[in-house]
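As they're listed, the protein sequences go chains A and B.
Note that the first sequence covers residues 1 to 407 in our numbering.
Note that the second sequence covers residues 408 to 814 in our numbering.
Quick look at which bits of chain B chain A covers, simulated, 3 or more residues with Cβ under 8 angstroms:
{"id": "1", "stretch": "419-429"}
{"id": "2", "stretch": "463-476"}
{"id": "3", "stretch": "490-504"}
Label pairs and their in silico Cβ distance ranges:
{"id": "4", "chain 1": "A", "residue 1": "ASN261", "chain 2": "B", "residue 2": "ALA514", "range": "53 to 61 angstroms"}
{"id": "5", "chain 1": "A", "residue 1": "GLY45", "chain 2": "B", "residue 2": "VAL702", "range": "49 to 57 angstroms"}
{"id": "6", "chain 1": "B", "residue 1": "PHE639", "chain 2": "A", "residue 2": "SER126", "range": "49 to 57 angstroms"}
Please keep in mind that the hints were generated in silico from the structure rather than gathered at the bench.
Note that this is a predicted model, so its numbers are computed, not measured.
Positions of the beta carbon are idealized from the N, C-alpha and C atoms, including for glycine.
Now for the letters of each chain:
Number of protein chains: 2
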Amino acid sequence: MALIVQKYGGTSVGTIERIRNVAAKVAKYRAEGHELVVVLSAMSGVTNKLVEMAHELQKEPSPREMDVLLSTGEQTTIALLCMALESIGIPSRSYTGNQVRILTDSAFTKARIVSIDDANIRSDLSQGRVVVVAGFQGVDDAGNITTLGRGGSDTTAVALAAALKADECQIYTDVDGVYTTDPRVVPEARRLDRITFEEMLEMASLGSKVLQIRSVEFAGKYNVPLRVLSSFEDGPGTLIVSEEDTKMENPVISGIAFTKNETKLSVRGVPDVPGMAFKVFGPISDANIEVDVIVQNVGINKTNDITFTVQRTDTDKATRILENVAKDIGAEKVEVDNKVAKISLVGVGMRSHAGIASKMFEALAAESINIQLITTSEIKISVVIEEKYLELAVRALHAAFGLKDPS
Amino acid sequence: MALIVQKYGGTSVGTIERIRNVAAKVAKYRAEGHELVVVLSAMSGVTNKLVEMAHELQKEPSPREMDVLLSTGEQTTIALLCMALESIGIPSRSYTGNQVRILTDSAFTKARIVSIDDANIRSDLSQGRVVVVAGFQGVDDAGNITTLGRGGSDTTAVALAAALKADECQIYTDVDGVYTTDPRVVPEARRLDRITFEEMLEMASLGSKVLQIRSVEFAGKYNVPLRVLSSFEDGPGTLIVSEEDTKMENPVISGIAFTKNETKLSVRGVPDVPGMAFKVFGPISDANIEVDVIVQNVGINKTNDITFTVQRTDTDKATRILENVAKDIGAEKVEVDNKVAKISLVGVGMRSHAGIASKMFEALAAESINIQLITTSEIKISVVIEEKYLELAVRALHAAFGLKDPS
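Input sequences plus hints: build the corresponding full structure.
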């Protein structure tokens with residue numbers, strides 16, 4: 001008998017019929033003798049609709065009231081799931097964040113969990129009940145309702161698993177696990193049985209959006225075994241564990257992440273004096289534009305070229321800002337290329353293996369794909385290429401590193 | 408400067424635009440220097456939709472979970488109103504039942520208020536905030552969410568007004584006050600400036616569904632001045648006060664209430680022995696059929712005739728039950744007339760005036776309207792007549808008692 005925390009996302013509880021399916025899944029685990037705590041998101045679409053209403057009323061809605069509003073979404077689904085469970089004879093009880101009580105700081109709309117009182121949950125579990133908890137929400141010291149920000153339900157699940165010292169935290173999504181790369185691009189992509197927290201973080205932040213980054217960090221910090229699986233089909237999913245728990249030798253490369261829809265911006269001929277990088281990125285950051293890859297090269301005549309990528313939707317805004325900046329600092333010109341993509345190889349095994357980069361460059365060269373930018377971290381190598389070559393490049397790398405065969 | 412509790416119902420907050428109108432109304436009172444506590448219902452239609460979802464999942468939904476579910480409706484509107492208020496520069500703060508805290512018993516779906524903690528509200532008022540409270544909901548001793556049953560938001564408003572010793576409790580609805588009778592039937596019907604709690608109770612229970620009966624009882628008990636007014640047009644509405652506070656002589660008749668869609672059922676020839684009434688009404692009540700007027704007449708041959716009315720939708724069910732009962736107790740036969748209506752004259756002044764009944768019967772006789780049943784209470788006379796004469800009868804009585812002219 002194990003204590004399992006399960007989290008079901010918005011699509012998994014998106015209709016009455018799907019809520020019934022979740023109840024059936026919970027029933028199956030319970031029949032195997034497990035104790036269950038179930039964390040739910042709002043029905044898909046509901047949160048967006050509430051946000052829309054708020055923005056109709058107030059340009060920048062009061063954060064406190066936004067949290068009062070948004071927390072109703074999860075409160076709805078927990079009640080409905082309990083009804084579904086009881087209709088098939090399974091005793092259950094729902095808890096809002098306040099009822100648990102999940103204490104957070106008072107940073108409305110992006111609160112952080114401070115502590116979790118597990119007394120109520122433990123008491124219900126010991127009485128044989130399934131406990132159903134509203135994800136995404138908590139309460140501050142003064143009794144105000146707070147929410148944890150987008151994807152916060154994953155964080156709720158992991159935090160509960162940590163507080164309850166659960167044997168496993170299962171995150172149910174609409175995919176059946178983490179893949180070596182996107183199967184829509186590489187049909188031979190393989191579901192990974194295991195991946196480390198570090199690798200998962202790199203994969204997640206690079207567009208393989210299976211799990212909320214914060215929840216992976218949290219799970220890594222408290223060493224909560226995290227499993228990603230499908231709520232629509234059976235299967236073992238992918239277990240995310242700490243590096244020490246991967247008892248075999250780690251594969252060199254675990255997966256290939258990529259992002260389309262990026263724009264590359266270059267400021268050419270930036271004077272080579274201190275403070276220039278700040279003068280470029282300060283206004284970009286002030287405009288709430290997220291910057292991805294940043295590369296600075298030495299240019300000619302004691303000037304530098306500063307190049308970086310942003311999401312394509314920010315292209316116009318970023319270009320306007322940069323053109324003003326370029327004038328200000330006496331840079332030569334701004335170049336914009338909105339047809340680029342980024343590919344990253346991720347793997348903790350990379351640390352102990354030389355030659356990964358050259359093998360990557362070789363594979364791309366063999367397909368005549370030009371590399372525009374390169375950045376590296378300890379467990380990742382990223383390149384920016386022309387967007388039209390993206391699929392070809394991913395397939396070439398997937399083959400070159402033998403990812404379709406279990407290592 | 409007065410402390411005013413205002414309650415807006417589901418239609419008054421049914422759209423974003425209407426929520427904005429409520430904010431404007433609140434702003435107007437605040438500009439006059441009043442302190443305001445606003446109680447809201449769920450957006451019209453929302454509660455029904457939630458109930459539907461619950462019934463799709465569970466035949467008899469868990470009452471505890473039902474309350475978790477339903478309370479989201481009011482939580483949504485309080486957040487939205489606060490956003491609307493802040494968007495026009497009015498500081499405000501929303502409170503759920505739990506946050507106030509409105510302590511109730513644990514009778515889920517029909518809880519009773521035990522006590523109200525007014526500390527948070529008073530503190531906000533003293534800081535110049537408008538306080539917005541979710542109607543219809545509370546919390547029990549164990550921290551479970553409870554609801555007060557249909558129309559419970561009126562009760563929340565009155566209870567808050569009592570706890571805060573508010574100067575007035577204003578109930579905003581889609582009518583502009585309480586009328587001498589339904590203006591759709593009698594165009595000369597007049598809005599009453601004042602009515603007593605007792606009269607309002609009789610009017611409300613007789614189909615003039617402006618206020619929830621429980622809230623009127625509550626207001627009477629704690630002597631909370633209650634005003635019914637329209638949320639869509641300006642006007643003084645109708646003030647509901649205790650009899651002692653009506654400083655003039657009371658009018659003999661305040662209003663004429665009526666209900667259509669009733670069915671009259673008679674059990675003829677019931678043996679004149681003890682226990683017969685129980686044998687007739689026990690099974691009716693077990694079937695959750697609400698009985699209105701009951702009259703028992705002495706029949707012939709030591710038998711009685713028992714006659715009563717039910718809502719027309721219960722006709723078939725009640726008839727089937729009565730036919731079995733009649734066989735059981737050896738009654739002669741069951742007669743069903745599903746084309747009757749009930750009219751009642753209501754007025755506290757009736758107590759000190761003789762001749763009201765005869766004047767009523769005279770007015771009906773002048774129109775050749777036959778009276779089928781008569782019942783009376785201290786401040787009410789009711790008659791059951793053939794349904795097709797209903798409008799004629801109401802108009803005749805309205806004229807006979809001079810209700811169109813302020814008394």
